[in-house]
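Protein chains in written order, with numbering that gives the first Met the number 0: chain A, 0 to 228; chain B, 0 to 223.
Honestly, the hints are just simulated from the structure, not real lab data.
Treat the hints loosely; a few may be bogus.
[Unchecked claim] Lysine-lysine pairs mimicking DSS-like chemistry, simulated, CA-CA at most 27 Å apart:
| # | chain 1 | residue 1 | chain 2 | residue 2 |
| --- | --- | --- | --- | --- |
| 1 | B | Lys44 | B | Lys56 |
| 2 | B | Lys115 | A | Lys53 |
| 3 | A | Lys52 | B | Lys44 |
| 4 | A | Lys104 | B | Lys121 |
| 5 | A | Lys52 | B | Lys146 |
| 6 | B | Lys146 | A | Lys107 |
| 7 | B | Lys44 | A | Lys107 |
| 8 | B | Lys121 | A | Lys107 |
| 9 | A | Lys129 | B | Lys121 |
| 10 | A | Lys52 | B | Lys57 |
| 11 | B | Lys137 | A | Lys46 |
| 12 | B | Lys115 | B | Lys57 |
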Amino acid sequence: MSPPVKLIGFFGSPYAHRAEAALCLKGVPYELMLEDLFNAKSELLLKLNPIHKKVPVLIHGDRAISESLVIAEYVDETFEGPPLLPSDPYDRAMARFWAHFIENKFIKPFFMAHWLEEGEVREAFVKEAKELLPLLEEQLKGKRFFGGDAPGYLDIAASMLAPTRMAVQEVTGVALINDDDYPALSQWAREYISNEALKPCMPDKDQLLAYFMKNKEMYKAGVKAMLQK
Amino acid sequence: MAGEINKGLVLLDYWVSPFGQRCRIALAEKGLSYESSEQELFGAKSELLLRANPVHKKVPVLLHDGRPVAESLVIVQYIDEAFPCTGPALLPADPYARARARFWAAYSDQVFEVGKRVWQLKGEERKQAREEFVRVLKNLDGELGEKPFFGGEAFGFVDLALVPFMPWLPSYERYGEFSVAEVPPRLAAWTRRCGERESVAKSLYPAEKVNEFLAQHKDDYGIE
């Protein structure tokens, strides 16, 4: 029998959500251990992820796996359940390519466009996000999910454009993803948050909104500091 | 050449690109023959490159029977999965070993990313980048440990992901404030060990060549 699965996560972390989504979609029961990141990181987190010191960390028996997308592939390859990645090598490469695009090119300008104060810098990020969003919209191309009929690896990678984005949108009033400009992405987000298989790990809408409301100034200060680097 | 199988592969590449070199090493390890298509990176990019990688407009891109795959580590995994019966596996079979390989291969990008900051920044910021750079090498050395290669006995994914950055280290010394003497000894030995493999020797250029290239393109890399 497989040893128990635990996940070190944090409410409000879109990266931790990715790991939970992978476990939920695969049908793997797990124990969630929540970090208190506003205070001190736990000894366990620092021990199991000494390189990045971040959530999520998947604990499977005596194994510790870090990086949300690495966790997703580990879950896919280790446990029985619906496949997260397609079986065809070219389709797998496309899923990995677009996940890499989201991670390395898209996320920064997209969330900068939401959290920054009005001004030239923010406008530049809005412009960049608007150049990149159509690429994702096109990837959905009449599909219900990036993975097809059911959510998969790329939906997991894109998941911060669903519950997180919707909460941040409401808190900041920045509506980059809207039904008029990006109908497929808007519909996908609604499908994602109401998906049956994802129910156990979907953050509560009101709680998530309250979290971002409460920490709005911290996030705004955080992105400003990032810019100065 | 013995062991080559032509499978409709074209690699859009640039001679000194460490990301292209990752793919060259992978293809050589697998014994796969391919057409190498040298691209212009400074100046007008070819129609072929723009069509093959419209999103990033960068090399490397692998074309397999005309279908493009971009992003060096995505390409390497694709080669491994599309040609499972050709040559050795580049990633290990065990899921946990694969997860560790993916983690560390992605982490190896930090050598290049932090290295750039060592060149580009000044004063206190450069000092911090330099410290981070030393830390990155230490972390990699820690993961390698006493093993011959990152995955153990066999050369694999992490090795080919990291080794192309090693000829760049003397340039970080020359243009930044890093000293090559700070490279952990086990990592230095591993670099020499990798260099003994034909796939690596044929794909990498010596540090002097990298240095020459950087001297000619200082502006493009933000070096003074």
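For each hint, the structure was consulted:
1. B:Lys44 x B:Lys56: holds (8 Å)
2. B:Lys115 x A:Lys53: holds (24 Å)
3. A:Lys52 x B:Lys44: violated (40 Å)
4. A:Lys104 x B:Lys121: holds (26 Å)
5. A:Lys52 x B:Lys146: holds (25 Å)
6. B:Lys146 x A:Lys107: Judged against 27 Å, a Cα distance of about 37 Å means the pair is violated.
7. B:Lys44 x A:Lys107: OK: Lys44 of chain B and Lys107 of chain A at ~26 Å, within 27 Å.
8. B:Lys121 x A:Lys107: Roughly 24 Å between the alpha carbons, so the hint for Lys121 of chain B and Lys107 of chain A holds.
9. A:Lys129 x B:Lys121: violated (33 Å)
10. A:Lys52 x B:Lys57: Violated. Lys52 of chain A to Lys57 of chain B sits at ~31 Å, over the 27 Å cutoff.
11. B:Lys137 x A:Lys46: holds (17 Å)
12. B:Lys115 x B:Lys57: The hint holds at about 18 Å.
The structure fails hints 3, 6, 9, 10 (numbered hints given earlier, in ascending order).
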